[in-house]
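Q: Take the sequences, apply the hints, and build the full model.
Positions 1 to 235 (my numbering) are the ones given, in order, by the sequence shown.
Please keep in mind that the hints were generated in silico from the structure rather than gathered at the bench. Just so it is clear, the structure is predicted and the values come from calculations on it, not from any experiment. Think of the CB as a built atom: it goes at the ideal place given N, C-alpha and C, for glycine as much as any other residue. Any given hint might turn out to be false.
[As the list claims (entries may be wrong)] Calculated lysine-lysine pairs in the BS3-like style (CA-CA distance at most 30 Å, straight line):
(1) Lys69 / Lys141
(2) Lys178 / Lys69
(3) Lys85 / Lys25
(4) Lys25 / Lys109
(5) Lys25 / Lys178
(6) Lys131 / Lys109
(7) Lys109 / Lys122
(8) Lys131 / Lys141
(9) Lys122 / Lys141
(10) Lys108 / Lys141
(11) Lys25 / Lys108
(12) Lys69 / Lys85
(13) Lys108 / Lys69
(14) Lys141 / Lys25
(15) Lys141 / Lys113
(16) Lys108 / Lys85
(17) Lys85 / Lys109
(18) Lys69 / Lys109
(19) Lys131 / Lys85
(20) Lys141 / Lys109
(21) Lys85 / Lys122
(22) Lys131 / Lys69
(23) Lys122 / Lys178
(24) Lys85 / Lys113
(25) Lys69 / Lys25
(26) Lys85 / Lys141
(27) Lys69 / Lys113
[To be verified] Pairwise CB distance ranges, derived in the manner of DEER restraints:
(28) Ile33 / Val177: 47 to 55 Å
(29) Ile33 / Thr157: 39 to 47 Å
(30) Asn176 / Arg40: 23 to 31 Å
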Amino acid sequence: MNGHNPDILTCLANLSADEVFTPPKLAAAMLDILPQELFRRPDTTFLDPVCKSGVFLREIARRLNDGLKDQMPDEQARINHILTKQVFGLAITELTALLSRRSVYCSKKADGKYSIATAFTKPDGNIRLPKTQHTWNASGKCESCGANQGEYDRDETLEAYAYPFIHGIDPTEVFNVKFDVILLINGVPAVQIELITRGITPRHAMEQIVEYKNDREMLCNKQRCTADVRSSRVG
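A: Structure below.
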């Protein structure tokens, strides 16, 4: 075991049916499918709208760090640029927000003493958890995700499990950024939807994911590896 330095993200246990962590090797394989030119551009923007462990954003940041070395030889300036202008995430709970920041910034606080980024002035950095709530219909179900009101209509001090991306939060408004790549990933087990045309919105794709989650016959143990690439710059 001498010299063995395991990746902590390979050791995480799943927290619930909704919080299934993607293994680092699988995350890397999924990102291999994207045009690798994306990681050599200083203006490509990436969003993970359902951050759990931060494994995708960490791998994206690593690839950008390698791909931009020639254009940005100063390492700290390069890291600051990548983490403040290219890599963004919406967490799903307080715990996954902290996990994701620890994975990406090496600190649970983006502006903390041990953060690898030195340009942030707020602790959440670009991995945020906007306040969201379920909207209950007459049947006692959430109109956005189908959650049961009896189980999730909770005190505000408790987690609502109302994931921002499917409960009315627009990430382009949260970050004031238009994203080139949006990773649409569900972990029950993880299913991913490919958006081929600009006419399909990310919200519609997330609604499809919710349908897959609720239809047990459609679930399988394999992860489909695709992403929404929304930039005309990518051929």
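Q: It remains to establish, for every hint, whether it holds in the given structure.
A: Results of checking the hints against the structure:
1. Lys69 / Lys141: At roughly 50 Å apart (the allowed maximum being 30 Å), Lys141 and Lys69 break the hint.
2. Lys178 / Lys69: 24 Å, holds
3. Lys85 / Lys25: Within the cut-off at roughly 25 Å; holds.
4. Lys25 / Lys109: Roughly 26 Å separates the two Cα atoms, so the pair holds.
5. Lys25 / Lys178: 28 Å, holds
6. Lys131 / Lys109: With a Cα-Cα distance of about 18 Å, the restraint between Lys131 and Lys109 holds, given a limit of 30 Å.
7. Lys109 / Lys122: 8 Å, holds
8. Lys131 / Lys141: With Cα atoms ~19 Å apart, Lys131 and Lys141 stay inside 30 Å; holds.
9. Lys122 / Lys141: Given pair Lys122, Lys141 is violated - Cα atoms ~35 Å apart, limit 30 Å.
10. Lys108 / Lys141: 34 Å, violated
11. Lys25 / Lys108: This hinted pair holds, its Cα atoms lying about 23 Å apart.
12. Lys69 / Lys85: 16 Å, holds
13. Lys108 / Lys69: At roughly 26 Å apart (the allowed maximum being 30 Å), Lys69 and Lys108 satisfy the hint.
14. Lys141 / Lys25: 36 Å, violated
15. Lys141 / Lys113: Violated - the C-alpha atoms of Lys113 and Lys141 are around 43 Å apart, more than 30 Å.
16. Lys108 / Lys85: Holds. Lys108 to Lys85 sits at ~19 Å (cutoff 30 Å).
17. Lys85 / Lys109: 17 Å, holds
18. Lys69 / Lys109: 26 Å, holds
19. Lys131 / Lys85: 23 Å, holds
20. Lys141 / Lys109: 35 Å, violated
21. Lys85 / Lys122: With a Cα-Cα distance of about 15 Å, the restraint between Lys85 and Lys122 holds, given a limit of 30 Å.
22. Lys131 / Lys69: 37 Å, violated
23. Lys122 / Lys178: 21 Å, holds
24. Lys85 / Lys113: 20 Å, holds
25. Lys69 / Lys25: At roughly 23 Å apart (the allowed maximum being 30 Å), Lys25 and Lys69 satisfy the hint.
26. Lys85 / Lys141: 38 Å, violated
27. Lys69 / Lys113: Roughly 25 Å separates the two Cα atoms, so the pair holds.
28. Ile33 / Val177: 47 to 55 Å: Taking Cβ atoms as reference, Ile33 and Val177 lie about 23 Å apart, which means the hint is violated.
29. Ile33 / Thr157: 39 to 47 Å: With a Cβ separation near 41 Å, Ile33 and Thr157 satisfy 39 to 47 Å, so the hint holds.
30. Asn176 / Arg40: 23 to 31 Å: 24 Å, holds
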